[in-house]
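Each protein sequence line maps, in turn, to chains A and B. Residue 195 in the working numbering sits at position 191 of the first sequence; the count goes up by one each step and never skips. Residue 98 in the working numbering sits at position 97 of the second sequence; the count goes up by one each step and never skips.
Hints in this document: simulated from the structure, not taken from any laboratory. Some clues are possibly wrong.
Quick look at which bits of chain A chain B covers, simulated, 3 or more residues with Cβ under 8 Å [to be verified]: (1) 11-20; (2) 43-54; (3) 60-67; (4) 101-110; (5) 181-191; (6) 194-200.
Even glycine gets a Cβ: it sits at the ideal position worked out from N, Cα and C.
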Amino acid sequence: MQVTLRIRRFNPEKDAQPWWGEYKFEAEPTDRLLDALNHVKWHLDGTLTYRRSCAHGVCGSDAMQINGRNGLACKMVLKNLGEKITVEPLPGFRVIKDLLVDMDVFFARYRAIKPYFITHSPEPEKERLQSVEDREKFDDTTKCILCGACTSSCPSYWVNPEYVGPAAIVNAHRFIFDSRDEGKEERLAVLNATEGVWRCRTIFNCVEACPRGINVTRAIGEVKKALLYRKT
Amino acid sequence: MVHRYDALIIGAGGAGLMAAMQLYPHGQVAVISKLYPTRSHTGAAQGGIGAALGNLEEDHWEWHMFDTVKGSDYLADQDAVEILCREAIETVYDLEHWGLPFSRTPEGKIAQRPFGGHTREFGKAPVRRSCYAADRTGHMILQTMYQQCLKNQVHFFDEYHVLDLLIEQGRCAGVVAFCLATGELHTFHAKAVIFATGGFGRVYKVTSNAHALTGDGMGVVYRRGIPLEDMEFFQFHPTGIYKMGILLSEAARGEGAILRNRNGERFMERYAPTLLDLAPRDMVSRAIYREIREGRGIDGKNYVHLDMTHLGREVLDVKLPDITGFVRTYLGLEPAKELIPVQPTAHYAMGGIPTDNDGRVVIDEKNTPLPGLYAAGETACVSVHGANRLGTNSLVDILVFGRRSGRHAARFIKENDLPPLSENPEDRARETINKLLNSKGSERAADIRETLQTEMMDKASVFRDAGTLTAMREKLKEIRDRYERVKIEDRGAKYNTELMEVFELGVLIDLSDVLVECALARKESRGAHFREDFPKRDDANFLKHSLAYLGPNGIEIAYKPVKITKFQPMERKY
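Looking at chain B on its own, in the form it has when it is part of the complex (with noise of 0.2 Å):
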């Protein structure tokens, strides 16, 4: 079945709805989503969404930025920050004025709280910049949005699993996604596509993200032949609940709480002297795993505690009610009086594909965009974040690079033509699904993604040396031996998850190879990626981003400058 669109947006979370939102006056748009829209991982995000709005105290954008440059290790391309501190504050005033209910100051303005890695006058101390609805910030956010896209009736495919991306004489023709509810696959004829298709955190065994985030959007563009961007840097939030991975926003910290080792130690005192306990995310992670390395977990467990015992109920149940009953569900505890063991959790990929400011697709170190193509948030590198994001951007970026790329997109469909549809659109996709369905290996699936996710968590996590690398590079030839034989038992054509799940962990092996090769290449340490074999960064041979191809014979990497305008790189101390 064919569909005809001026533009399609893949991917149904904030920055896909936000997109659609540019995009609805201007032509026929669909959006299509592997869930309901309202499933998306950005209604998970709790903390908040930083703009320098001043509400509480003084702030600047140009602040916001200096702290987002100075997070991101300097790695971030300072022009696209510019416009993401800049274009957050109308943005967030936009979905205010579309109705989120944000948490209000007594003045009846919207409501800020401290972040990590958030200072004001370039480092001196926390400011309030985070803007938030209890910690509930991302639900706010997904529900408004869809209700607005309610509102303006954009038209929407809920559960259609893109499975491949068209490319017609250089140009972005649509994509070929499977019909859950038939199996059938439908081809999406389109002058423009937006990838707003999340991240990957599923690689790891102990994450944050939903199940769905299984990178399919980067795999399918990847296979393309279209490159990815620092894929070797990923983050992990410090703060996520003991083996489960859930998360406890840096809210917390925000408020007040404080992480402490077996000795009741408040060891960030060590590590951070001026943010303590919110200093940026790369950086406590790295602090709890070298104090659980130095006997200083609890119990000499892989854990420390975080402390919430002093914030009082008023702060728990107002400002924090979800994590606080995340705890009560999950652990049993009652945060107001125990402390609850955490271990850091996959998180947040920084890299992913490559765009420009305007959020088309860029394919090569010229950044040469491929027309119609188009990706934003997670899913894309702007760069924005660099080499580790700061809490409450990912929302930010979400809403003002989804926003770019939808009024882009915008012009674009005006300006052009529908591109040409090769004949058979759907063979390479049927092709991948037939393969699956008539395997007859005997290797489970979940043996096969069990193994990729332990194995990823012990060797390319937050500490990762030559050594371990190179041993993962040869679990990933073995895995994905593994993968050429799994097991399919259901062969049906309704709902069958069961074959999305193996077509995801395809992506999800093809998208740790990329990060392996792109991190033992890295030569150093920056941010989120820490080799314990090149302990500094060095500037003067990786102040650059790095793009991996798959090319005939395997991943090619290339590199491509920073974009350093108004502050030049120094040491990154907190």
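For reference, chain A alone in the conformation it holds in the complex (with noise of 0.2 Å):
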């Protein structure tokens, strides 16, 4: 199939302004995205600047506004798009060049949350119990791949970004509902604050935008309800 690539551009070594970009070519249609910005940066313009790596959704380098939502590049197959492509970087992230942009903000949100299992008791000598049914309370939630394509989508992000972030939520959530971790009231504590998990006004664009799948909006909920029946 033709397709057309619009990709917005910014070098800032030359660019003051950011600019469309279109590159018109033949793919397959089970061609990924992924693919066909490799094609136009090896065959048409070196200069193209994008993160990618393992090119099957998992690694999450490769997160991008693709026709308007976000998505993973390597997760989209060309005929699922149509024959006009409309790419550009990750809205809310500051860009640095092309599709590039600055990561370092949204490592810092998931950082805030103590995103690493805290215990306090004693190691078993084998492993911790837990039950299918308690392991199935956080499965979802353990599929994040940090790749930003929630956080860039969410207008509360957008308006403020000083908070924390559906991804960093999610991240919470992860250790908030797993039975064998023991930091919960610290995590609970950082999301009741100020830029914590109230900023969700429940706009549901991060469950659109997660190419892992993950109910994000009913993980915020979760947050939120353990917040509100929390005995303190």
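Two chains, two frames, a set of hints: combine them into the complex.
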């Protein structure tokens, strides 16, 4: 099929303003959008810049805005995107070069919710036991690959970048609902603060954006409930 | 710019992060990665980590050791394999204690499932040994390790691409890295350096490996005169998605999936009557190629079918959700109802930077260590995988030997001072970069890479012989010549990813040279290295590891003996 990629370009060393690059070429309908971006970089314009690695939706490098929606370029197949495809960097994140954005703020918000297993009780000789049912309670949120698609899609984050954002809450949920973890109170305190979970207005953009199919808004709702019914 | 650390870890996958976890309490430590750590390819591992926990049935590390040695076609060093299989058990418990969300048995223990080549009682029948978290075990390992590093405030240099290794007066003195954000070179001066930079599947056209897997670590040390071990052994995983190479885990066959040819026949019955579809990967990949050659590929094309239609929704959605998703996304097929086109996909380098059992890099046939230099994971060759790695053992390797190299380096940095540093340590890296940036050539790197990958797939993959390998050697001369005339369009400083891709291509060419020369020299068939002109294993002449050096007149190959302790070489049948 003939495709036309419209890519929002910006080179900080050359451009005062972003501009649109248009690239027309033949591609297989089953190609990934990432394959098409590689085609542009490898055969049409070597300066096109973006991040990529695994090319099958598990490493989280190539989140971007595709036809107005956030997603991973390597999880989008051309035949589902139409002949004219518009590609832009993730909204709400500072653009560094072309489709490559500053992820530092995103990872700082992630670190704020203490995204690591916290226990005080002594370790058993073998594994800690956990029932199949307890393991299931946080299964959805273990899938997060930190691509940034959800946080970048969130209007509450656009107006207030101090908000921890959906990705950080998803990762907090992964620990708060893990029966083995003992850091629940510390994490809930962070999420109860001004820039925590209450900034969420239940807009559901994050659910639509998540390339891993995580029900982000439900996870946020469960964290809100945990705060409301917390024994203090 | 010069940074000083006690220890540096290059690469932020499972091996690197495990090493960091051992080192952080003992000094100033930094992890340098060309990616954000969570993008590392450990995260793509699916099926599980092998450890004889015995949670569902009787199992012993000795059985795991036997399977690993037999799987390696007796080329693995058995003292190292013993360490691997013994320490696998405590390592898995460590991960659980760090919060890794394993799937669970009804009693709440870590869940385990069968995997290729893993058996009970020395080969009698498959055993449930692979500890898993659905089919995203690697993702959980990578996330858990990164989380623990954050908890312990390990320092990271994200998006720094290491270009050169510094050796001063017989000691490792650090590395030189290219900062992607600014285009500046940084010298990292350190007492100890651990390379944990992964494999180089990108030498082949069809691969399960990430774009980033270009073997940089191996290339950088090789260019400094350190040998590479057993590079002729490259594993092709039997079930990559046709044409794309995306991995469909062996866990699918562990859960009961079956390979079928154009007649619908379960052809593994003819190749491995006991283990069937769960035979080791080298054998299954060869069986698929044979079926295709003999006209039993689907529609006469070069693929076969993976049949998951009888597994049921529950197994697909709960135990294999990610690969089920890959099939739906990339093929538009429903695995509960339709057959999946698969072909062998370049997956894993058994060879790499030679190390001893503490991860110390050893630089000759006598296993002399180079003080301060370590390697772990796929980039290293201990050797625990020999001529063919068993499924799940890559995750065991990165964790067990990541841990051992970190622990040894922790002692090393206490007992040693910083080595001297030459006056202009960045010179060589700068020369490499400037040469590429000032190139006036007209050859597109992508075209050169395409030729390299297609030719390697054709001439140096599952089947080889003197004819194909000699032809590849000639092709590589052409390819190298074209690389001298490579063109670069991006001459900017900030995030010049084109420049780094061209650097990576240079490494891929070097490693292809090594692979082809070692494959030509090994006139036998063993594990993943199958010579059609020498189809039998030849223990009398080739029960030995190859070591390839970059000498003044090109590649020089030497050999060192295999360490055999418990299991004498036998014919390998499944």
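The hints, checked one at a time:
1. 11-20: holds (count 4)
2. 43-54: holds (count 8)
3. 60-67: As far as the segment 60-67 of chain A goes, the hint holds, because 6 residues have Cβ atoms under 8 Å from chain B.
4. 101-110: holds (count 3)
5. 181-191: With 3 residues close enough to chain B, the hint holds.
6. 194-200: Per the Cβ count (0), the hint is violated.
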